[in-house]
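Chemist: Listed below, chain by chain, are the residues.
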Amino acid sequence: MNRDVVIKVENLGKKYHLGEIGSGTFAGELVRFVKNLRGTKSSDLITDNDRTIQAKKGDIVWAAKDINFEVKQGEVLGIIGKNGAGKSTLLKMLSRVTAPSVGSIKVKGRIASLLEVGTGFHPDLTGRENIFLNGAILGMTKNEIRSKFDEIVDFSGVARYIDTPVKRYSSGMYVRLAFAVAAHLEPEILIVDEVLAVGDIEFQRKCLGKMKDVSGEGRTVIFVSHNMGAVKSLCQSGIVMKNGTMDFAGNINDCVTQYLRINTTDNEGDVVIDKKGTGTGEALIKRIQMINEDGNTAESVLYKSPIKIRLTIDSEVDIPKASLDVKISDKDGSILFHALNLYHNQALPLQIGENIFETEIHNDLLPGGFLASVGVHNAATYYTMDYQENIVAFEVIKAAKNAFESYPYEWVVAPAMAQSDWKKIK
Amino acid sequence: MKETFDYEIGAKKSLLSFNFKELWRYRDLISLLVKRDYVAVYKQTVLGPVWFFIQPLITSLIFTLIFGKIANLAPAGVPPFLFFLCGQTFWNYFASCLTATSNTFVANASVFGKVYFPRLAVPISVVISNLLKFSLQFLMLIVVWVYYYFEGTYAIEANFTLLLVPLYLVFMAILGLGAGLVISSLTTRYRDFTFLVGFGVQLLMWATPVVYQLDTMASKNKLLGKLVTSNPMTSILEAAKYGFNCGGSFRPTLLFYSAAFGCILLLIGIAVFNRVEKTFMDTV
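Protein chains in written order, with my numbering: chain G, 34 to 459; chain Z, 647 to 930.
There's no promise every hint is true.
Mimicking DMTMM-like on lysine to aspartate or glutamate, the simulated pairs with C-alpha atoms at most 25 Å apart in a straight line are [said to hold, decoys possible]:
hint	chain 1	residue 1	chain 2	residue 2
1	Z	K667	G	E177
2	G	K243	G	D187
3	G	K319	G	E227
4	G	K105	Z	E654
5	Z	K681	G	D307
6	G	K141	Z	E668
7	G	K139	Z	D928
8	Z	K681	G	E393
9	G	K48	Z	D928
10	G	K105	Z	D928
Since the hints were derived computationally from the structure, they do not count as laboratory data.
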């Protein structure tokens, strides 16, 4: 099917000045005005969008840069990326809230954007009045709202309070009413930022269902979320953002895998880490190795054979009781289980200098791809010293085609806390 | 494949491109914003819209006492209360248009930052909702005028220049909107202008024949007279009072000057507004 391109983004970029806007003094403003008139720009430094580096005043940062993509009619596109990857900036430009610094976006059709629920709700107005006001702000006409009014009220489930000022609503009722208005928009293109993270589970399911209906009706949707499950179930294609640029674009499953792998590297089960993760940094995880049944490092583990992990930790302090943990997640980033030595009340001493630990985790994982996160904590204070999320990717593989049959059937309750004993090697 | 697009979002936009069609599509939003302004202001009040009447009535009463009885600024042969009420009613329309529109970007930053609609819808809705307020106050002015007319102490025959009141309103709306747009665009970067508007409007009132007549001022001080004459609001206030036959004067040349001044100001306002609305979210 040859579908039309409805959004075309070309070389899009947006830069921001760091620090306070304006020079703050009258003289400074005059100097800048004269410079602008003469066409000479002040010598601005241009930096990448790495937010961990302290900026100097007057620096320019590219919150988004070199973005190119197309969205076809009826396509549901997911945009994923870590906090600060430039997703919101991209959405703001797409929804015309702020203009790009360079490049262009060409659009065919009406765009409605939901960057927030309840935009323009006036606390003193009643639910009924706010439905009309909010609907109009989102681009609906009075007649459209009137014809959908009952549906909106029904969807929100606040029919009883519809003539009460919204400032008397509970926060749940407020967002439900707000989402209900937004859900009944009928634009050709819908842009949605993580508004699904509202309400109870039942309402979230209702929202996801509504989103699916919308995309089922052949409308184009751009969806931003950190919920990989929702992204996968809604979208067909995706874009992974990283430090303001496009890191990857393509099929949504590949995107999610890529996103979760941004942290991991393809080091064949042997990862050397040079950056501190989250934590105090008193002890740092320097290296993580996955050991296979032959005793070599490898990124694959045989089905049913234990997962062997070796950690190298550099410590600045002596700690009599440290705790080490391993979290195993699936490819979507959902945590499957958590292995922690503390569950066995096992004392692991940490000495100044290099320490090497090894553990074996009982493996009931079915063949497929997985991610491991590792952390080192002080068991006495419960402080995390270093935690590296999704740092290594590994695979559980079948030994033979009929692997399942070669093992005796054994029913186990999924172990939330896996058996793991650590031993100190050095 | 041939590609056609409805619009393009780019870095630059010409200064005077003004999308009437788009604004028209959002006319329901404008009417709902007007309704919001009107409904929300008097929620949880007992007197409600009666406040629309109380404010000018009491102000005019005070003006009558101070500027009428003590300073003797009201012209002879005219009910002083009517004179001050007339000035108040018309001046209030301009002042509230200017103050409210000059706040557009800062007051609506949270909405503007999340959703796109023609930004001009907000200042336009402000001008319209103030028009509603004005028409209520104008009605009260007519009631007061009718009272004095039948009371008979003063000979006040309204003349047919009163029919031009809608035109005066348009002039004032254009002036208020134009100045408001310029100031609101400047406040996105320099908050100094918020303070300036606060007392600037009050200062401007003294430079406009609200509590006095242009003739009185011109006869007392030539320089001040010239200054007041150059104020585009002067001719409108004078003509409004003239229409009710309570002082004032009707000067077509000056009225034309006001209209021209307003149109130029509005064009500048739209140009500045257009320029700012694209990126104001980054500086506000």
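Chemist: May I ask which of the numbered hints given earlier this structure violates, with the numbers listed in increasing order?
Modeler: 3, 5, 8, 10
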